[in-house]
Amino acid sequence: MTTNKIEIKDLTVNYIENKKSFNALHDVSFGVGKGEFVSVIGASGCGKSTLLSVLEGLYAPAGGSVQIDGKELHGTGTERGVVFQHYSLFPWMTTRKNIEFGIKQSRHDVKRSERAKIADEFLTKVGLSGFGSKYPSQLSGGMQQRAAIARALAMNTEILLMDEPFSAIDPKNRVLLQELLLKLWEGDGLDERKTVVFVTHDIDEAILLSDKIVVLTAHPGTVNEVVNVPFDRPRRRDDLVKTEEYGKFRNKLLSLLYNDIAERIGGDEVVL
Amino acid sequence: MTIKKRYLRIAHLLFIALLLIQLLPDQSTKAVYTSYLVRFAVGVEVIVLAASAIIKKEESLALLVDIAGFVYVLLAVWSLATAKYNYLNDLLFPAPGKVIHQFVVDKDKIFINIKSSLRTTLKGFLLATAIAVPLGLFVGWSARLGSAATYITKFFSSIPPIVYIPYGIALLPTFKSVSVFVIFLATFWPVFAGTMSGVLGVDKKIIDSAKVLNVSKPEMLFRVILPASLQQIFLGCNQGLSVSFILLTSAEMIGAKDGMGYYVKYYSDFGDYTRTITGLLVIGFVVIGVTFLFNKLQKRLLRWKP
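These protein sequence lines map, in sequence, to chains R and W. Using our numbering, you'd call the opening residue of the first sequence number 727 and step up by one each time. Using our numbering, you'd call the opening residue of the second sequence number 33 and step up by one each time.
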């Protein structure tokens, strides 16, 4: 049996709101192989972001386990790089300082004097060379997320957790960011690729980027199905979306997402 | 900026109007020292014109010109009410020229007093900030103490620091230290309250961001929570600073041997109202100067804000 980089088993998470506890995730199990890109999709409220907070170490589960490299997960750790939807960067630091801070936290071997150089290297990689001394508020939303990706990559962690990183970005820039992430991730050799868990509600985004897609259903959040994405890499969006297989695969995912909703709110009466 | 925007300002017309008013005959029975007023106004105008040629930023220039305009109007109304038409009691209300003359005569003494006042304020203010900010960060960050501290702060900050003066005089070695103590109390509570409300208002997303980077506890307090609540801290400092100046004058009126509050109190006891008003105006200008510098500092430290 091959061991997964991340192994989630019977994970149950309860949320307490207004003194009432409710079940956000129930018996969620799946594994993420080393160097695998896994997306978690589901309708809003299905607990996909909660799942990621558990992986980030920000939220303690009520039951089940999360193991990384066979070791039980406890709290936050700098072996996991994180990109949030908002405020991944500290607004009072320039983009360069933000990246340097990330490097300082995760890579103790890097000398102080080298941090700025590495930061600039990664800023260039994400197309932000020359923006190192800008504050996040001086950048557009898309540029802020580029800088957040640059920091996560500069931290050189084996695992990357991304919580709807492109959801707040306008459609045109979202496409550019998806392609940038795809290029950077695929650019690493097969053995060096990062293990990514990517939360999104955008089906096309999930198909383009992932090796595997975990479809969650809501109330409580459980795994409906884990689907392997059957398209070869390196992928190009334009070539991919033209194919007949793409349409079929997309419809399959849609039905997984929406059949579930149809069953819940009254079966046959719902026309999709 | 166009030449028109640079030099064509209402303030310059006000300056000319002020000079024309000085041509009216004096009706006051006391000396009015019109030449001092004229020299002062010309001095201000020369500075404004020089600045108009140098300053690049339109807003900074507008600020300077507007303040000069305000000064001209004040001087014009003041000289009309005193020297020119003698509407006011000329013992209680000296003419502007006379006050300026008094300032020139007393300037060495006044500078010593300003220095002393600023030193007292700065000591009390810095001491209060140095204690209130870390304490506010710590208390605000610990969820348990936070809510109790809010009420306790309300309790103490509602007591005007001036009522502690008798206790200060009884317990502290010098009058100077009483003044510092009063400034300390005046600054401490608003800065403490501001820091706490800043900490409680920090966006949870920022804190999560810091947590996933595994920051240590001191780093969390001083590299994350502190900058994130800086705006609220400055609000508290601003409030503390304005109360400080009000209290400084009162504090120095008791037992002090120097300071601007002492100067005002001392001469008003002798009925020397020219010096009293000179002192009051100097205090006003010092407060404007300090506020200006403080705002500069605030802008600099918060330059990352959108």
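Derived by calculation from the structure, the hints in this document are not laboratory data. Take these hints with a grain of salt, some might be off.
Computed list of lysine-lysine pairs in DSSO-like fashion (alpha-carbon distance at most 27 Å, straight line) [stated by the list, open to error]:
#1 W:LYS337 x R:LYS860
#2 W:LYS243 x R:LYS837
#3 R:LYS920 x R:LYS760
#4 W:LYS243 x R:LYS745
#5 W:LYS243 x R:LYS920
#6 W:LYS297 x R:LYS830
#7 W:LYS337 x R:LYS797
#8 R:LYS760 x R:LYS823
#9 W:LYS243 x R:LYS843
#10 W:LYS328 x R:LYS830
#11 W:LYS289 x W:LYS147
#12 R:LYS797 x R:LYS851
#13 W:LYS249 x R:LYS797
#14 R:LYS830 x R:LYS851
#15 R:LYS898 x W:LYS37
#16 W:LYS297 x W:LYS141
#17 R:LYS860 x W:LYS88
#18 W:LYS297 x W:LYS237
#19 R:LYS860 x W:LYS186
#20 W:LYS141 x R:LYS823
#21 R:LYS746 x W:LYS331
#22 W:LYS328 x R:LYS860
#23 R:LYS860 x W:LYS331
#24 R:LYS760 x W:LYS243
#25 W:LYS337 x R:LYS830
#26 R:LYS843 x W:LYS328
#27 W:LYS331 x W:LYS89
#28 W:LYS236 x R:LYS746
#29 R:LYS860 x W:LYS237
#30 W:LYS237 x R:LYS745
#31 W:LYS243 x R:LYS823
#32 W:LYS337 x R:LYS731
#33 R:LYS823 x W:LYS62
#34 W:LYS243 x R:LYS851
#35 W:LYS249 x W:LYS236
Taking the hints in turn, this is what the structure says about them:
1. W:LYS337 x R:LYS860: holds (12 Å)
2. W:LYS243 x R:LYS837: The hint holds at about 23 Å.
3. R:LYS920 x R:LYS760: holds (7 Å)
4. W:LYS243 x R:LYS745: OK: LYS243 (chain W) and LYS745 (chain R) at ~25 Å, within 27 Å.
5. W:LYS243 x R:LYS920: holds (21 Å)
6. W:LYS297 x R:LYS830: violated (58 Å)
7. W:LYS337 x R:LYS797: The hint is violated at about 41 Å.
8. R:LYS760 x R:LYS823: Violated - the C-alpha atoms of LYS823 (chain R) and LYS760 (chain R) are around 30 Å apart, more than 27 Å.
9. W:LYS243 x R:LYS843: Roughly 25 Å separates the two Cα atoms, so the pair holds.
10. W:LYS328 x R:LYS830: It is violated: about 32 Å lies between the C-alpha atoms, which goes past 27 Å.
11. W:LYS289 x W:LYS147: Distance of about 13 Å is within 27 Å: holds.
12. R:LYS797 x R:LYS851: violated (33 Å)
13. W:LYS249 x R:LYS797: holds (25 Å)
14. R:LYS830 x R:LYS851: The hint holds at about 19 Å.
15. R:LYS898 x W:LYS37: violated (42 Å)
16. W:LYS297 x W:LYS141: holds (15 Å)
17. R:LYS860 x W:LYS88: holds (23 Å)
18. W:LYS297 x W:LYS237: At roughly 53 Å apart (the allowed maximum being 27 Å), LYS237 (chain W) and LYS297 (chain W) break the hint.
19. R:LYS860 x W:LYS186: Cα-Cα ~40 Å, so violated.
20. W:LYS141 x R:LYS823: Violated: LYS141 (chain W) and LYS823 (chain R) sit about 49 Å apart, past 27 Å.
21. R:LYS746 x W:LYS331: At roughly 45 Å apart (the allowed maximum being 27 Å), LYS331 (chain W) and LYS746 (chain R) break the hint.
22. W:LYS328 x R:LYS860: Distance of about 20 Å is within 27 Å: holds.
23. R:LYS860 x W:LYS331: Roughly 16 Å separates the two Cα atoms, so the pair holds.
24. R:LYS760 x W:LYS243: OK: LYS760 (chain R) and LYS243 (chain W) at ~25 Å, within 27 Å.
25. W:LYS337 x R:LYS830: holds (24 Å)
26. R:LYS843 x W:LYS328: With a Cα-Cα distance of about 32 Å, the restraint between LYS843 (chain R) and LYS328 (chain W) is violated, given a limit of 27 Å.
27. W:LYS331 x W:LYS89: holds (15 Å)
28. W:LYS236 x R:LYS746: With Cα atoms ~21 Å apart, LYS236 (chain W) and LYS746 (chain R) stay inside 27 Å; holds.
29. R:LYS860 x W:LYS237: holds (21 Å)
30. W:LYS237 x R:LYS745: Between LYS237 (chain W) and LYS745 (chain R) the Cα gap is close to 23 Å, so the pair holds against 27 Å.
31. W:LYS243 x R:LYS823: Holds, at roughly 17 Å.
32. W:LYS337 x R:LYS731: violated (40 Å)
33. R:LYS823 x W:LYS62: It is violated: about 66 Å lies between the C-alpha atoms, which goes past 27 Å.
34. W:LYS243 x R:LYS851: holds (26 Å)
35. W:LYS249 x W:LYS236: With Cα atoms ~16 Å apart, LYS249 (chain W) and LYS236 (chain W) stay inside 27 Å; holds.
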